[in-house]
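Colleague: Each chain, letter by letter, is given below.
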Amino acid sequence: MWISKTIFNHFKSRLNFTPNYAPLSLLSPRRFASTIAQNPSTFNSIHDANQQVIDFPGGTVKFIPEMRFISETSPKRIPCYRVLDDDGQPLANNFVQVSEEVAVRMYSNMVTLQIMDTIFYEAQRQGRISFYATTIGEEAINIASAAALTREDVIFPQYREPGPLLWRGFTLQEIAHQCFSNKYDNGKGRQMPIHYGSNKHNYFTVASTVATQVPHAVGAAYSLKMDKKDACSITYFGDGGSSEGDFHAALNFAAVMEAPVIFLCRNNGWAISTPTSDQFRSDGVVVKGQAYGVRSIRVDGNDALAIYNAVQAAREMAISEERPVLIEALTYRVGHHSTSDDSTKYRPANEIEWWRLARDPVARFRKWIERNGWWNDMAESELRNSLRQQLLHSIQVAENIEKPPIEDIFNDVYDVPPSNLREQEQWVKDTIKKHPLDYPENISA
Amino acid sequence: MLRAIRHKNILPAFSAFRAFSSSAKEMTVREALNSALDEEMSADPKVFLMGEEVGEYQGAYKITKGLLDKYGPERVLDTPITEEMALICLLNILQAGFTGIGVGAAYYGLRPVVEFMTFNFSMQAIDHIINSAAKSNYMSAGQISVPIVFRGPNGAAAGVGAQHSQCYAAWYASCPGLKVLSPYSSEDARGLLKAAIRDPDPVVFLENELLYGESFPVSAEVLDSSFCLPIGKAKIEREGKDVTITAFSKMVGYALKAAEILAKEGISAEVINLRSIRPLDRSTINASVRKTNRLVTVEEGFPQHGVGAEICTSVIEESFGYLDAPVERIAGADVPMPYAANLERMAVPQVEDIVRAAKRACYRSVPLAATA
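Read top to bottom, the protein sequences are chains A and B. Residues in the first sequence are numbered from 1 upward in steps of one, following the UniProt record's numbering. Residues in the second sequence are numbered from 1 upward in steps of one, following the UniProt record's numbering.
One chain only, chain A, in its complex shape (with noise of 0.2 Å):
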C-alpha cells in the first residue's frame, strides 16, 4: 500500500475538502499487465462535498456525512411468487400455461411420490428396510421443478428429491431394489436407503453429507459452459443446508465464474428440530443471494404452478445470461426428518395435520387440474390404486431378490482393482468356500 505523492497533491489541489474528512490514501494496489488498472484521474471532481466518489478497489462508491447502518432486517419481508391460491384458483392470468398432458404427467408424479412415501415408510416401521425419508408436503418442489427442466440438465439434489428422478423414469422398482440394497440397485448396495443416483437420468448420487453437492453443481454448471452446452445444473437444499459453508462458498463462486446453476433451497421450516428461527436471523434464505451477486427469488414451494413458472424463468436465465439464480421454495416438512426421528417430540401435532392436510400441494393441484376438466375423482382412485398395488408388489419383488455378490466389495473403489484388493476377494472366497455353515445364507461365494 503506497500513497503516490504527485497524485496526492494533484487531488488535493482540485477538490475543495474540508478538514472534517480524512484525506483520501490512494490504495493503488500493484496490478498485473492484464487488469484494469485503478485510475484515480477519474475522480470525480464535482466541489459539492455530498458528492465525492472515489475508485476503491471494486469500483465508484459515494461518500454521504451520515452514518447509516444497513439495518439487520427490511421493514418488509421479500414477497413470495405465487400462481394459485390455497384453493387451486390463478390469482392472475400472466403465468406460462401448462398443457394437459404436462399437467396431468406432474400431477400423477405428485401423487405417485406421496403414495411411495406412504408405503416405503411404513415398511422401515415394519423393519423391511432399515431407513427412510419422506418427501410429504414438498412434492410440489419435487415434481414442477423437474418438469421445467431438461434432461440434459444436470441434477445435484440433497436427499429429500427422488421427485426429479421419477420424472424422468426411475421406476418404482428400481426405487425399491436400491433401498432394499439388493443385487439390482445400481449402487451395487453400497449406500443406505434413499440414497439413488443414476447416470442415465442425469441425477448425481445422493450423499448424507449436508451442503457439499452445492459446489459441485457450480463446477459442474462451469463444465457445461465451457462446453457450451445448452443447459444447466440445478442443485438442491435445505433451510438448514444453507448454514453450511459450502453453500456460501458455492454462491460466491458461482457468482465470479458465471457459471449457469439454479440453487433451489427448499426452505421447510425445520432442519431436524432446528427451526429456522435458530438457523438463522435474516429474512430467509432469499436475500443471502443478492449479498453474493446472485439474482433471487422467493416462491411459494407448495405451488407448483410458481414453481414450474420461476424455475424455468431461472433456467433461462441461468443459460442465456450464464448466471446462477437463487431460488427459495417456502414450503413446510410434513414428514419427520426421517425414520429416525419422532418430530412430534418438538413440534405441536396440530401444526404438522394442518399443513398436511389445508396445505397439501398436491390437492391444490389437483383442483386446479379438475377446474380444467383433466381430472376426476374415477381417475384419482384408479390412479391411487393402481399405484399402490405396484409399489407393493415392487417391494414384495425386491425383497426376495439376492443381495450384491461379494465382488462388490472389492470393486470401484479405483477404477481398476488393484492387487491387494483381488488379492483380498479372493481370499475371501476361498474362506467362504472352505467354511460355509460360518458365513449367513445370503453370502454367495
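Hints listed in this document are in silico derivations from the structure and should not be mistaken for laboratory results. As the structure is a prediction and not an experimental result, all values here were calculated from the model. Glycine is no exception: its CB is placed at the ideal position from the N, C-alpha and C atoms. One thing to keep in mind: the hints can contain errors.
[Said to hold, decoys possible] For lysine-lysine, the following DSSO-like pairs were computed, each having C-alpha atoms within a straight-line distance of at most 30 Å:
| hint | chain 1 | residue 1 | chain 2 | residue 2 |
| --- | --- | --- | --- | --- |
| 1 | A | K228 | B | K65 |
| 2 | B | K291 | B | K241 |
| 3 | A | K229 | B | K70 |
| 4 | B | K291 | A | K200 |
| 5 | B | K46 | A | K229 |
[To be verified] Selected chain A positions facing chain B (Cβ under 8 Å, derived; list incomplete):
| hint | residue |
| --- | --- |
| 6 | N182 |
| 7 | N186 |
| 8 | H216 |
Got chain A; can you put chain B on it based on the hints?
Modeller: This is chain B only, laid out in the frame that chain A set:
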C-alpha cells in the same frame, strides 16, 4: 497468515551435490512440474488448473508460471481470492469452496488439477477430498468417476511454524479410493504428475517446497512429452546389501547423503524412493528387506500411525523371518512444529539420525531387553 512470506528468498535446507557428467541436462523440480502441466494441458483440452494465485500471480511458488498466458483464463482459474495479498484472510473459507467446485467439474468430465498453497490448507477442504472425491466412484457404483489431482507443497518448509508444516502423507494414504504420490527428483515430478493427471482416480500429489528449486539431471526420455511413471512402483535410488532405507520426498535426499556416510564406514545401504505412498510398493520393499535383512524407515511426518508404521507392518507380515534386527522408524518429532530455527531443526529428521539408526540396525543383534 504466513502466506505473506514468499519463499523465494529462503534457501533450501541443503544443496545437493551431484557428481554427474556435465553434459547431462538439468532441470529444477519447479521446471519439471511446470513442463508436465504444460504438456498435459496441451495434450488434453479437458485438463484445467484451479487454485489461489495460479493464474495472474504465476503460482504462489511459480509452478504454474506462463500457463495463464498460454491457455487463457478458461483453463487456468484463479479462485476468487486473487492477487491481493490483503485478502489472504479469506483463503481458509474459500479452500473448502474451490475443492468442492473442482470435484463438481471432475464429475462432469473435466480433469481439474487443484492447487493447494500448502496441504495444510487442504484440511479446510478435506470433506470434499475424502467424501466427494475418494469415495464417489464406490458410493455411486462406478457412475461417478473423479479424475482430479490435488497438488501442492506438503510437510515442513523452513520457519513456517505449526500450521504450515504438517505432512499429510499418512492421513491421505489411509483412505481407500485415493492414490497418493510424492515425488523427489525432477524425473519423479514429471513422470508422476503426468501419471496423476492421466489417472481416472482422484490423486493427492504431495510436493515439497524446498525441493522446487533443486536441480536434477534428466535424460532425453524423461524430457519427452509422453514420459510417464507407473503409479505404485518405488525406485531403488541406490543399491546396497546391508540395510534398506525407505524414504519419500525430501527425505530421499537425506537418505542418500546418509548412505554416502555409511559407505565410508563399511555399511552398504539400499535407498528406496517410495514415489507412491498409496498404493505402497510392498513387493519392492519386501524384496529389498529379504536381501538386506534390516530396515530403516524415514519420514518427516508425525510418528504415530505414519507411513513408516505401515511399512514396518507390511514387512513383518510378509518377511518377518528375514529380519535380523528390529525395524528402525525415523519420523518428525511428536510435537506441532516449532518456529525457532534451532527448535525446528530438532523437530525434523536430519542426516545424522538416519546414519545412527542404520548403524543400530546393523550392529544390534540381540533385543534391547537382553542387554539391560
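Colleague: Work down the list of hints and note, for each, if the structure agrees.
Modeller: A quick look at each hint next to the structure:
1. A:K228 with B:K65: 28 Å, holds
2. B:K291 with B:K241: The hint holds at about 7 Å.
3. A:K229 with B:K70: Distance ~25 Å between K229 (chain A) and K70 (chain B) Cα, so the pair holds.
4. B:K291 with A:K200: 53 Å, violated
5. B:K46 with A:K229: 15 Å, holds
6. N182: For N182 (chain A), the interface hint is violated, since the closest Cβ of chain B sits about 13 Å away, which is over 8 Å.
7. N186: 6 Å, holds
8. H216: 3 Å, holds
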